[in-house]
Amino acid sequence: MAALGTATADLAASLKSWRLWSLLGWIEIRQRYARSKLGPFWLTISMGVVIGTIAFVFGTLFHQDMATYLPMLSIGMVTWTLMSTIITEGCNAYINSAQYIRQVNTPRLIYLFQAMWRNFIIFLHNFVIVLIVLGIYGVKSWETVPLFVPGLLVLLLNAVWMAMVVGLFSARFRDLPQIVAAFMQTMYFVTPIMFAASALKKHEWIVTFNPFAYLIDLVREPLLGHWPTPFTWVVALGMTVVGWIFALALTGRYHRRIPYWL
Amino acid sequence: MTTTSITLEHVGLDLPIFDVSGQSLKKRVLRAGRRNRIAEDNAGVVIVRALDDISFSIEAGDRLGLIGANGAGKSTLLRVMAGIYPPTAGSVRTQGKTVPLLDISLGMDEHSTGRQNIRLRGLLLGMGDNEIRSKTEEIAAFTELNDYLDLPLRTYSTGMRVRLGFAISTAVDAEILLLDEVLGVGDARFQEKAKARLEGLHRRAEIVVIALHSNEAIRKACNKAIWLDRGKLMAMGSTAEVTAAYEAHVARG
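Residue numbers (numbering that gives the first Met the number 0), protein chains in the order written: chain A, 0 to 261; chain B, 0 to 252.
Note that these hints are calculated values from the structure, not bench results. Hints are supplied without guarantee of correctness; some may be wrong.
Just the calculated beta-carbon pair ranges, DEER-fashion [claimed, not checked]:
1. A/Gly237 x B/Gly158: 28 to 38 Å
2. A/Ile178 x B/Phe17: 34 to 44 Å
3. B/Arg92 x A/Val49: 50 to 60 Å
4. B/Met233 x A/Leu236: 55 to 65 Å
5. B/Asp128 x A/Leu152: 18 to 28 Å
6. B/Asp128 x A/Arg31: 40 to 50 Å
7. A/Thr207 x B/Arg48: 27 to 37 Å
8. B/Asp128 x A/Ile44: 29 to 39 Å
9. A/Pro210 x B/Ala216: 52 to 62 Å
10. A/Val233 x B/Asn69: 43 to 53 Å
Quick reminder that beta carbons are idealized off the backbone N, C-alpha and C, glycines included.
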């Protein structure tokens, strides 16, 4: 209980200093793309090329109809990249900010929000691809589209609590970032991004027991003109609540140790 | 209404030094399979006692100087007072807005302009947006960097960086100010100006704690002093007494 108190106090203080973490997130993007003309749009271009290549190869392999395959693939890829990079870069959130954590007494969760914000900005750049694809193939149903906003919010909330957990343990055990990166790479192949869940036939359990699949669905389905099933919402929201309580309890428990680990 | 104060009671601080093996999950898993105790001990985490049973309290108006040899625990003590390192034993209570100025170049970004850096550093020091806006012009004027403030930091010379860092850091309003070493700055002419500004900073704060090497500087700036040696509190009292005791100790070797 005391641990939860520490963590929620840190959370409140972190949210209050949104100016700091949003600025730090921006600065990192600026540093990465300093003096490059296109800046983060280079990521958009490379993601566009990857999506185009996959669409060409796998679309042909699976005999897919481009009008359904390309929107599914592009939304899935862009959303997956957002979620997986928040988690993998969350591993280094505390480690990379060691200098700050040892010199100023800021709330600690700001470093995770900084990673979240940086990747959200990149997501907005990548989202251009989705807009182009939907522009070409048309939006199936405008009714479902607004639902994509709460879906994205739930996905972000889940990515952040996962980043909180791996970020904390990575500060102590420096092998973890590698393990997490390998794990997310594997999950990328078993989450329905390049293929439709129904294509798995008798192995659909791979998707049923994949928490990431539900989060991707929450964002993708509304944009494809479908309503996410109530079950998807229940799983995703349940994960949000349980995950946040777990992550906060853990952060509170080890909050004092973070500066010692760095 | 509570008055500004810092109280430390039996503060102890053990710093774990993680060697490469201590920090690796692989090593930990491998170790679990071994029965050999010696191997376990060899792979264990080394712990350094950085502070040992330190108790004192200071209140509004106090100017406390920390003296001691390198590695005596001065900087660690400042970090404990700043709330960066929670103590592993005892308790610390601080009353009042505490600002540590341990490294004046922290959080400066090479690709941002001088003005953008003012905002960044201001936020890191816990200033609000309004406070930063109202102080930017004053900071800018003090640095004498003029048009350079609109150029990215990477175009600055070392001296210019120090000036900017110093000007921002010393613009802060703190009730408790924690300083590591005197903030030294640039050329002789600028040094005079910097001295006056530092005095202003000290006056605004209710409590100032400085870690110093020079006894001369401590006598000038502080009314109280603490002598630390290998994490232990050797003496505390008026500046004259403590510095005299320290000097006698150093002279004895």
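Do the hints match the structure? See the list:
1. Checked against the hint of 28 to 38 Å, the pair A/Gly237 and B/Gly158 fails, with Cβ atoms roughly 58 Å apart.
2. At about 18 Å, the beta-carbon gap between A/Ile178 and B/Phe17 misses the expected band of 34 to 44 Å.
3. With their beta carbons about 55 Å apart, B/Arg92 and A/Val49 fall inside the hinted range of 50 to 60 Å.
4. Under the hint 55 to 65 Å, the C-beta atoms of B/Met233 and A/Leu236, about 59 Å apart, fit the expected range.
5. Taking the beta carbon of each, B/Asp128 and A/Leu152 are about 26 Å apart, inside 18 to 28 Å as hinted.
6. In this structure the hint that B/Asp128 and A/Arg31 lie 40 to 50 Å apart at CB is violated, the actual value being about 25 Å.
7. Checked against the hint of 27 to 37 Å, the pair A/Thr207 and B/Arg48 fails, with Cβ atoms roughly 53 Å apart.
8. Here the CB-CB span from B/Asp128 to A/Ile44 is close to 35 Å, well matched to the stated 29 to 39 Å.
9. The given range of 52 to 62 Å is respected by A/Pro210 and B/Ala216, whose C-beta atoms sit roughly 59 Å from each other.
10. Range check, A/Val233 to B/Asn69: about 60 Å between beta-carbon atoms, so the 43 to 53 Å window is missed.
Checked against the numbered hints above, the structure violates hints 1, 2, 6, 7, 10; every other hint is satisfied.
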